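Start from the sequences, fold in the hints, and give me the full structure.
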Amino acid sequence: MAVSLGVLAERYGCKLHGPPDVQVDRVVSLQSGGDGGLSFFTNPALGAALKDTTATAVILAAADVEVCPVAALVAENPYLVFARVAAELHPQPPLQQGVHASAVVADDCTIPESCQMSAGAVIETGVVFGERCYVGPNCVVGRHSVFGADTRLLAGVLVCHEVRMGDRGLVHSGTVLGSDGFGNARDHSGAWTKVPQTGALVIGDDVEIGANCTIDRGAMGDTEIGSGVRLDNLVHVGHNVSIGQHTAVAGQTGFSGSVYIGARCMIGGHAAFAGHITVADDVVITGGSAVAGSIRKPGMYGGPGPPVEEIGKWRKNVVRVRQLDDMARRLRQLERTVERMNK
Amino acid sequence: MAVSLGVLAERYGCKLHGPPDVQVDRVVSLQSGGDGGLSFFTNPALGAALKDTTATAVILAAADVEVCPVAALVAENPYLVFARVAAELHPQPPLQQGVHASAVVADDCTIPESCQMSAGAVIETGVVFGERCYVGPNCVVGRHSVFGADTRLLAGVLVCHEVRMGDRGLVHSGTVLGSDGFGNARDHSGAWTKVPQTGALVIGDDVEIGANCTIDRGAMGDTEIGSGVRLDNLVHVGHNVSIGQHTAVAGQTGFSGSVYIGARCMIGGHAAFAGHITVADDVVITGGSAVAGSIRKPGMYGGPGPPVEEIGKWRKNVVRVRQLDDMARRLRQLERTVERMNK
Amino acid sequence: MAVSLGVLAERYGCKLHGPPDVQVDRVVSLQSGGDGGLSFFTNPALGAALKDTTATAVILAAADVEVCPVAALVAENPYLVFARVAAELHPQPPLQQGVHASAVVADDCTIPESCQMSAGAVIETGVVFGERCYVGPNCVVGRHSVFGADTRLLAGVLVCHEVRMGDRGLVHSGTVLGSDGFGNARDHSGAWTKVPQTGALVIGDDVEIGANCTIDRGAMGDTEIGSGVRLDNLVHVGHNVSIGQHTAVAGQTGFSGSVYIGARCMIGGHAAFAGHITVADDVVITGGSAVAGSIRKPGMYGGPGPPVEEIGKWRKNVVRVRQLDDMARRLRQLERTVERMNK
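Chains as they are written, first to last, in my numbering: chain Y, 170 to 512; chain P, 170 to 512; chain G, 170 to 512.
One thing to keep in mind: the hints can contain errors.
Unchecked claim - Listed below are the simulated BS3-like cross-link pairs for lysine-lysine, each with C-alpha atoms no more than 27 Å apart in a straight line:
{"hint": "1", "chain 1": "G", "residue 1": "K482", "chain 2": "P", "residue 2": "K466"}
{"hint": "2", "chain 1": "Y", "residue 1": "K466", "chain 2": "P", "residue 2": "K482"}
{"hint": "3", "chain 1": "G", "residue 1": "K512", "chain 2": "P", "residue 2": "K485"}
{"hint": "4", "chain 1": "G", "residue 1": "K482", "chain 2": "P", "residue 2": "K485"}
{"hint": "5", "chain 1": "Y", "residue 1": "K220", "chain 2": "Y", "residue 2": "K184"}
{"hint": "6", "chain 1": "Y", "residue 1": "K482", "chain 2": "G", "residue 2": "K482"}
Just so you know, the hints here were simulated from the structure itself, not pulled from any lab data. From a predicted model like this one, the values you see are computed outputs, not experimental measurements.
Here you go:
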């Protein structure tokens, strides 16, 4: 799929610096470049790579056009335009419409002819798909789940019963949607009795969920993933969590039960959220944070620790953390003594 | 499935406040309520929800019966009774007994007729199931694994060879049982040689394991999961770990090799255990903790850090952690100086 | 498979203390021992177990031969020799060559007759396998992926498109190779547009990857896993990460995008790496560390926190972390005051 710079400039509202009839046919990094390659520039740390690039054209901001040695498409949000052009240059392979002979589909499912049910997929009773859905090889979709149009469940996605997902969803391989939450009642001996998880999982439109995630259904009531949410790989979402629209969550982060996350939050990887807390809209949380209490105001928050250092120094400092309360008391005591001495 | 409050009171040993012939047919939250809905109350923070509930009946403790606006079932352990009633009101769908035409089952397996082997399941040589087991779609059960009666392996569970699990087990989708442990021998150049993992994985009765977990087999000897254990999603259990009866572990927690965890422990999510440590019975560990040494006495333990705070404040404090050893020495020095001055 | 100590001594260059014609047929721990069992001793903490062992023979260092009550194979690197003998005593089951009737293999794949494609496996168009590869039940291998000789993909491994892996690779169950990286462009409203991930995943020779890992493909350019790398379970590798030869990574550790890890590093479990950082060769990082910046020199590094302690003490200390900046300022102030007083 090749397209000329002139067409791209018009289609995406960019100002073109360079010949309109030159064509690009793929995206490339500034460093790899190459004839027909289209790249982007937004990170000042890559200034040298921009100056040396052999890409055919670069999408960038007006301020950077001077230093670009090749054709430039000037955009207000270069990365966003790049994302859109990349999708145009690298389209999904077309669906192989129909149900593969080795797929097992219950008689009462609703599966438009425009859908692809791949080899080894198992679709249980009462499942409904919208138009042009893709279900990858060896996926399982549990009873009475419902998916909107243009949903793609990649190979090996496992959907439990009564999961609902909107239009244009994308779920990466190995992810489990709608598993039981962690609900157990304890008796006097310490033994557990499972609490049936009778709620559902409801996911909005335009949601992308990474690989090998686990998104639990609600205990009672639903777990809710808002429209436009982005989850990276190995993210865990407990029962009755609610994640607001357009919130993005990086890999290996976990949400305990009944956490409420606002809209447009950006949450780093390997973070952990205690149960039953609320996070406001537009909150940014740095990777590795332990979020043990609610966050009521937009802003940037972080914890729990300093970055790594050489192990000898670290051990000396870390042992002092255990003496902190003692140190604080001794400091207060000293202040009083010195104050008395100065009177 | 509907049942009257009078029957429930008698069956579960509750005192009934309200009409015995009223029926409930499902569990509901206090907030959603609804005709025929049965809820429970144990969390004082939901006092307002109790007062306003439209549920038909609520299971609660004697002390709370006064403020309940609807019928009440009074129990010593309301949440436990709720769990049992919920299981009665929301039974599992009945098994579709037999082996699905698309399942692949080795000739020498023992699979009672009361079992369900679902579509796409692959059962290797020498596998033994007890009565009424459920093996979900696209599960794989490796050679010579043995499962007790009433086991349920949900869709896409992957069982390696020679795994043993007791009665009434429940394993959620995508979980891997009996994978190789992380055993490698290093040569002088830094290259690794794999150490064959010749042990097994042995799981007791009444164990529930969440989605996308990984439970390794032993290197030599076995990895052991005691009866009544509860593991949440994405939990990692290394080789030769032993987890005692009725211990519960929340999501994304990981146990390095040869960790020994006692009985009835409760372990928060996103916690990490260093190898070869021992944790006593009845230990509670807060979420996000880094457990680097053994814990010899029952009690509640925590670490490693404070909850998140606004990023500017956090950065100021966190940089000081790296100065802690220096601060402690200066504090001691000051104390000596002031002591001398006061002589 | 039984072999005599004399043969083992000669084959692995060990000095034998004991009768050369005695046979061993399996590996055992020192504690379990047993007739025909071969064990090893490297950990001084197990000295008592060595003295009491009933194993038939033990592989150990010269310094320990005196206290060994049974036959001994003396080696410079006992654990490495043990790994090799264990592989000899416990060989993989032979391949069941051919394509199982229930596997679905595209017409244009290259699959030598020496390979095993197990039940339920799905192999998409253009895939190439070397000799003697094993593809386990219900695996999925995406279009145009290429694997070297003697690769083993265990049950339920999910390979996306255009993944390349060298010879003698071993991938454990449930792992996803080549999933899309987490690339999203944000517009002024906070909504995300997916950035197509057009790079690939390239894995060297002799690599072992644990269960339920997720290894993303590159955004542009490739994600690279060097030869001899070892990844434990539930490890997350973001797009465009590069992991150097012979580096080993324990369970649940995560690498954000574009992290560069050197050769021969050893990285503990549950660690987290921020994006775009570089770690030198021969770096050791302790479990649970948060690596937020580059590490330029070989050595041992750690963070982020002290091990757990009793919760009351911990809470007292941890609250002080939030006062650290204040404490440091007060300490400096006191030092100045006392200095002035001493003039």
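Each hint tested on the structure:
| no. | hint | result |
| --- | --- | --- |
| 1 | K482/G <-> K466/P | holds, 15 Å |
| 2 | K466/Y <-> K482/P | holds, 15 Å |
| 3 | K512/G <-> K485/P | violated, 32 Å |
| 4 | K482/G <-> K485/P | holds, 23 Å |
| 5 | K220/Y <-> K184/Y | holds, 20 Å |
| 6 | K482/Y <-> K482/G | holds, 23 Å |
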